[in-house]
Amino acid sequence: MNTSRFLLTALCTYIFVFAFEFLFHGMLMKEIYMMTAELWRAENEMKMPFMFASQISFSLVAAYIFTQNYEGKGLGEGLRFGFYIGMLLATIRLGSYSYMKVPLSLTCGWIAASLIKGLGTGVVCSLIYKRS
Numbered sequence: 000m001n002t003s004r005f006l007l008t009a010l011c012t013y014i015f016v017f018a019f020e021f022l023f024h025g026m027l028m029k030e031i032y033m034m035t036a037e038l039w040r041a042e043n044e045m046k047m048p049f050m051f052a053s054q055i056s057f058s059l060v061a062a063y064i065f066t067q068n069y070e071g072k073g074l075g076e077g078l079r080f081g082f083y084i085g086m087l088l089a090t091i092r093l094g095s096y097s098y099m100k101v102p103l104s105l106t107c108g109w110i111a112a113s114l115i116k117g118l119g120t121g122v123v124c125s126l127i128y129k130r131s
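For the sequence shown, numbering that gives the first Met the number 0 assigns the number 0 to the initial residue and increments by one for each residue that follows.
Incorrect hints may appear among the rest.
[Unchecked claim] Calculated pairs, PhoX-like style, for lysine-lysine (alpha carbon to alpha carbon, straight line, at most 20 Å):
1) K29 / K100
2) K72 / K129
3) K46 / K29
FYI, nobody ran anything at the bench for these hints, they're computed from the structure.
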């Protein structure tokens, strides 16, 4: 594994994840979150350091898994990897619907976001972590 390319891949993945989640959850899904406000912490009670830690951890782990299985097959490899990551995240979101009092529309949004996040992560990894 090329450590400097791994770290650059993880950093770029984090930037993508942060931007995507801000746009998706902070803007696109905002209305649904406001309609279910009783389920969430008040804005001044949110634990943002934990959110950032989860995004950083996800980015490091995803980049690491990608580098360990890297075959140098380009964008297709990234899309395949991203699809698998997205499906894994989506199954967790689907399961959460069984025990969380959230509307199905929110769960469907989370599933879509998981797939997009996974695919985007795979694309970023394949574009950044490539042979020199």
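Here's how the hints hold up against the structure:
With a C-alpha separation of about 17 Å, the suggested pairing of K29 with K100 holds against the 20 Å cut-off. Pair hint K72 plus K129 holds up; C-alpha atoms about 9 Å apart against a cutoff of 20 Å. For the suggested pair K46 and K29, the alpha carbons sit about 18 Å apart, so the restraint of at most 20 Å is met.
In terms of the numbered hints stated before, the structure departs from none.
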